[in-house]
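Asks: Sequence:
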Amino acid sequence: MALLDEVKSELSGIDGEMPAAQKAQVTAMLRFGGGLRKVQRNIIVQAQFDSLDAAQWLQDAILHLYGHEALVRTVDHATPHGNVRRYVVIVERGGVALALQTGLLDRQRHQPVPGLPPELANGNIAQVKTIWRGAFLAHGGLSEPGNASYLEIVCPSNEAALALVAAARRLGISAHPRQVRSSKRVTLQDPDAIERMLNLMGAPRSAREWTGKRSDGETRSKANRLANFDDANMRRSAKAAAEACEKVRRAFDILGDDIPPNLKAAGQLRLDHVDASLEELGHLADPPITKDAVAGRIRRLLQLAEKVNKQGGQAAK
-15 MALLDEVKSE LSGIDGEMPA AQKAQVTAML RFGGGLRKVQ RNIIVQAQFD
35 SLDAAQWLQD AILHLYGHEA LVRTVDHATP HGNVRRYVVI VERGGVALAL
85 QTGLLDRQRH QPVPGLPPEL ANGNIAQVKT IWRGAFLAHG GLSEPGNASY
135 LEIVCPSNEA ALALVAAARR LGISAHPRQV RSSKRVTLQD PDAIERMLNL
185 MGAPRSAREW TGKRSDGETR SKANRLANFD DANMRRSAKA AAEACEKVRR
235 AFDILGDDIP PNLKAAGQLR LDHVDASLEE LGHLADPPIT KDAVAGRIRR
285 LLQLAEKVNK QGGQAAK
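Under our numbering, the first residue of the sequence shown is numbered -15, with each subsequent residue one higher.
Do not rely on the hints blindly, as some may be mistaken.
[Said to hold, decoys possible] With a cut-off of at most 25 Å between alpha-carbon atoms, the simulated SDA-like pairs for lysine to any residue come out as follows:
| id | residue 1 | residue 2 |
| --- | --- | --- |
| 1 | Lys231 | Lys275 |
| 2 | Lys231 | Arg154 |
| 3 | Lys223 | Val138 |
| 4 | Lys168 | Val138 |
| 5 | Lys294 | Pro244 |
| 6 | Lys275 | Asp259 |
| 7 | Lys168 | Arg180 |
| 8 | Lys275 | Val258 |
| 9 | Lys168 | Arg189 |
| 10 | Lys248 | Val258 |
| 11 | Lys168 | Pro64 |
| 12 | Lys223 | Gln252 |
| 13 | Lys168 | Thr63 |
| 14 | Lys223 | Gln287 |
| 15 | Lys223 | Ala277 |
| 16 | Lys223 | Asp259 |
| 17 | Lys22 | His52 |
| 18 | Lys275 | Ile243 |
| 19 | Lys168 | Pro98 |
| 20 | Lys248 | Asp270 |
| 21 | Lys294 | Asp259 |
| 22 | Lys168 | Leu155 |
In short, the hints are calculated from the structure, not lab data. Source: prediction; values computed, not measured.
Starting from the given sequences, assemble the full structure and let the hints guide the process.
Replies: See below:
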């Protein structure tokens, strides 16, 4: 089971909430999962979910809190990545009454409320938590560990997004609205804020799992970066050693037997131990010398060869 499915399953299994908090969750699930649809003169309330547990929770809550029968229908959508199954909660009879009871329909004008009802937006903290829980169950997403961290909710309207941002602010969490193509979204990107929101919504087990997997992913990523860095260093060192050996061979060819013994010994060490570092070459010398001394002698060997080569070229002219 994917982590997102585990979060929604955990949130759908919460019971024992006060009725006011449950009603706030119902309203949020209906608002962010779909809302109102007018068919002839009737209003049908419906909401779509990717979690069967969430759909069944809403179906039961509508019956026990408001006394209306709700149906759960399975719908398969064809996508470029294959069929995707969704679960649609529909209230056909009593839709107007339920819309009024949940605050999705304005009682005075009988017009749909574009965001969240004011009484919910200004409700207590328990209601604010279940608003976020309901919105997440309806249209929430969560990054998989190892990817860039995010928790986001796709919103049906700009008003709904702003209401969600205000609700997060009341919980002490900074959420940001953003436009992604044709959809409005509210996003959390700070890992600590995501972990805290998961806990506040009522998914502590999933929060621990998400945090643990994210930490493991960050550790693996760091190890991979270090390994790649070390590998790059090794490649650079091997290339530099190969180039140094080629220069020493050319110097030997130019100078022949006319090479000071200490410079010849340093050059021969370089040729005999291609992969060794300058420090290791110093330890191999007899007697041992410092890496700076090895580097200095090889440098003087190359300079001497270059000088002799230039003099030979001028003499030929």
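Asks: A separate judgement is required for each hint: does it hold in the structure or not?
Replies: Each hint tested on the structure:
1. Between the alpha carbons of lysine 231 and lysine 275 the distance comes to roughly 18 Å, so the proposed pair stays at or under 25 Å and holds.
2. At roughly 70 Å between alpha-carbon atoms, lysine 231 and arginine 154 are farther apart than 25 Å, so this suggested pair is violated.
3. Pair hint lysine 223 plus valine 138 does not hold up; C-alpha atoms about 52 Å apart against a cutoff of 25 Å.
4. Taken as a hint, the lysine 168 and valine 138 pair is honoured in the structure, with Cα atoms around 6 Å apart against an allowance of 25 Å.
5. Between lysine 294 and proline 244 the CA atoms are separated by roughly 19 Å; this keeps the pair inside 25 Å, and the hint holds.
6. With a CA separation close to 14 Å, the supplied pair lysine 275 and aspartate 259 stays within the 25 Å bound.
7. With a CA separation close to 23 Å, the supplied pair lysine 168 and arginine 180 stays within the 25 Å bound.
8. In summary, the hint linking lysine 275 to valine 258 is supported, as the alpha carbons are separated by about 15 Å, within the 25 Å threshold.
9. Taken as a hint, the lysine 168 and arginine 189 pair is broken in the structure, with Cα atoms around 29 Å apart against an allowance of 25 Å.
10. The suggested pairing of lysine 248 with valine 258 holds, with an alpha-carbon distance near 16 Å, which does not exceed 25 Å.
11. With a CA separation close to 23 Å, the supplied pair lysine 168 and proline 64 stays within the 25 Å bound.
12. For the given pair, lysine 223 sits about 18 Å from glutamine 252 by alpha-carbon distance, which is consistent with the 25 Å threshold.
13. For a cut-off of 25 Å, the pair hint linking lysine 168 to threonine 63 stands: about 21 Å separates their Cα positions.
14. With a C-alpha separation of about 21 Å, the suggested pairing of lysine 223 with glutamine 287 holds against the 25 Å cut-off.
15. At roughly 22 Å between alpha-carbon atoms, lysine 223 and alanine 277 fall within 25 Å of each other, so this suggested pair holds.
16. Of the supplied pair hints, the one linking lysine 223 and aspartate 259 holds, its CA atoms being roughly 10 Å apart against a limit of 25 Å.
17. About 18 Å separates the Cα atoms of lysine 22 and histidine 52, which keeps this hinted pair within 25 Å; it holds.
18. This hinted pair checks out: lysine 275 and isoleucine 243 have alpha carbons roughly 21 Å apart, not beyond 25 Å.
19. Only pairs whose Cα atoms come within 25 Å are accepted, and lysine 168 paired with proline 98 is accepted, the gap being roughly 13 Å.
20. Taking the CA atoms of lysine 248 and aspartate 270, the gap is about 13 Å. The hint holds against a cut of 25 Å.
21. Distance check on the hinted pair: lysine 294 and aspartate 259 sit about 31 Å apart at the alpha-carbon level, beyond 25 Å; violated.
22. As the CA atoms of lysine 168 and leucine 155 are separated by approximately 21 Å, the hinted pair is consistent with the 25 Å bound.
Checked against the numbered hints given earlier, the structure breaks hints 2, 3, 9 and 21 and satisfies all the rest.
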